[in-house]
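Chains as they are written, first to last, in this note's numbering: chain A, 33 to 251; chain B, 1199 to 1450.
Think of the hints as simulated: they come from the structure by calculation, not from any bench. Keep in mind it's a predicted model, so treat the numbers as computed, not measured.
Restricting the straight-line Cα-Cα distance to at most 20 Å, the calculated cross-link-like pairs of lysine to any residue (SDA-like) are:
(1) 1272(B) - 237(A)
(2) 1262(B) - 235(A)
(3) 1303(B) - 1313(B)
(4) 1272(B) - 193(A)
(5) 1262(B) - 243(A)
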Amino acid sequence: MESNESPRLSRYAQAMRAMGEDYAGRPRPDPAIEDNTLIQRALDGEMEAFAGLMARYERKAFWVAFQVVGSIEEARDLVQEAFLRVHRSLDRFDFSRNFYTWLYRIVTNLAIDSLRKSRNEPRQVSGEGIDLPDEEERYRRTASPEEQERAARVRAVLDTLPPRFRTVLALRDLHGLSCREIGPILDLTYATVRWRLHKARQLFRLHWERSLPKGEDHR
Amino acid sequence: MNPEHGGARIPGLPQAGRSPLSCRLVRELLPEALGGELHEEAMKLLEDHARHCHACGAERVRLKEAREALALLKEGGAGSPSLPEDFFRSMRAEVLEEIDWRRKKREEDARIRDLHLTRKGGFRVLGAGLPGIGLLAATLLLGLFLGRGLGRPEAPKDSPAGGPAHAGGGRIVEKSVHLPQDTKDLLDSKGFRALASDPQFAEKLRKIWREFQDQTMASGDDLSAGGFDLPESEPEGPPSPILGNVLGRTDF
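If we strip away everything but chain B, and leave its shape as in the complex, we get (with noise of 0.2 Å):
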């Protein structure tokens, strides 16, 4: 029973006599009512019950007590820093900062990525760094000595040559030498076509080749067993389609 409003009533009931509307449903209101989110007519209602409930009228209190403490955090309250006048400016010109070096970095990369791909008037991969052709001439040999180690079983044993014969026998046959595909796939690409149609590339390449096939001739290591053979004297008929622009002598 609340003593304020005198007799008996029912808990979450409008209250018989001074106000149509419970106790309970006004404190339930309150915290509304203080932000200004009930309707005209709703908050008279509230504002009437709480002037003549002193418990309602506490609560009430209590409330705008806890959300006037709480606005000391809003802009300029007590409890908000006080921010130099140039923050916000040096936040945004970092911000800007950032934009623009990320935009410049995307299109260097693009840049980059384009010397890679495509052919743009001479071979300027190589002043675009020596790494990455190391690693095109690794990848490559790699592939032939995984070739190799693949061909073997199927080279067959009276044959010195492993692969199929060949007039001249010093002209590559792509179906003498058994590359894995993904080494194939690389050789055949746009950007090796790229790089192997510039004489100075090619020389390099051809120059690690020999220099390769020098050290595997020199630890006693019979290339030929491994399904392809070695070029001794100018080819004759056209290269392979694959390595002819990299390997073979004619296309340079």
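Isolated chain A, as found in the complex (with noise of 0.2 Å):
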């Protein structure tokens, strides 16, 4: 496997490993450690930790950013700039707190500051299919066209709503996490996390029912 990395994560593929990584690439990391002490010993310089601490969050974090931007390689330089800027001010974490939240936050953030920027360029989304852009048209997942018209016409709708709105559904139908674990990452309180919650849905549906051809009202 050694042989086969390109000289750049060869450097970091004895650290990714001590981490705990499975064959695939995919951070297995150990949850027998805890965030802080990863965190801790990233204080302490050892790169290995907070390779380790990424290897545990990147993935979650790709896909809130990718879910909110709508755009891979945006959701990529998001994640990177977050965990740069976790890095960064690491020094300042707050033991008492849960790490997932803090880089949440940075995470969906920089992606409502990047919907805001690029406001006046809206996606373009056809229906014929889900519209990557061309560097993008690599990472097509293979589905039946219907699928893909269907998808897109979905992130047409998300994209659609309010970058407040577009967090909040992302965080929670589409991530999981409860309004609770919303609520601190938004800097919201828990009621209006739920009020939040509910007019997305509401707006989501709305929008997703006009969005379907005339006279299509089921799959």
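Mind docking these for me? Both chains are given alone in their own frames, and the hints should help you get the complex.
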């Protein structure tokens, strides 16, 4: 496996394996090692410990970012920026709080900022399938044309929602975080999260039904 | 009136008869019910209502469809991209590399800063970059010019020396040089003192000073009118605390 790795990747391969990874390269961090332990070790200058933290949360952070911004490359950049910010501010981490709450907060804030910046450049979604930008075509999932069309419509509908509704919908309905967990991430009270989620679901449902071709009520 | 339940009803209030919940309340709660966010008891009541109320049942079906459609965007769904296996590893490696690069850059910046500010066995700043030295010299010369300009009105007309009298005529006396405060601060700074204590740098600076004098004299400008004297011979007394280490001749 080592021989297939690029020099850049092999540099950290040993550390990755030490933190635990399966043969497919998917992170398999040792659950016995708590986040706070890894953070403390990272603060002591152990890059492997920070790599372990990344391995533990990078996937979830990426999907949150992707579900909010809808672009693979942008989501990747956002997550990378989020981890760089985490590393830079690690000495200010409050050990009485959850690490992932902090990370998700940075990721969602970056995603919302990114959406605001690109507000004047709406994504073009066609009915021909998932409309990924050219450079992201390689990530297209092999699915039936009907499924692709349906997924593209869902994406388009989600993109019509204001960022604050899109974020809460992504965290709750796509990620499965509880409203109690979402509160600190979005810096909202529990009641506000519940209200915003309710509103987001209403909006999504309304736009989704409007997006359906006439006469099509069901799949 | 809801035909499914029969009889008159007040909107928003529980329907008398089949269900203790009103249709309006049920529809408000259906999204939460589908998300599994209600208590078990409330869920049962809602399910029971939706089973008997055709309108609320249809509403539940539509909500469920919208929810299932949204789920296509979940990781692994038809609306989610299929990422290559090394996607996250390369993403992580890039972040770690960036951190490593930034750390090295910080260390390098700190090293350069230390070289400029501290004295560490010899005059390494010379090797660190001539532009810095040039800038320092330019600042000094600019300070001298400004000092001269500022000092001119104060120079007594009957005294060609301008500034206070001094023995020997060649020693620069601090009081006779009118330098801006920031130039004085620069000359008095730890970094500059470190520079000035090095014989090589002092020699360079002395050379610059002489060239400056020559050019100024050649242009017919009378430096002495500017409030300071030109060193013409070896100084007799101790050098100025500020300029002595730099322009004087005894400390090198």
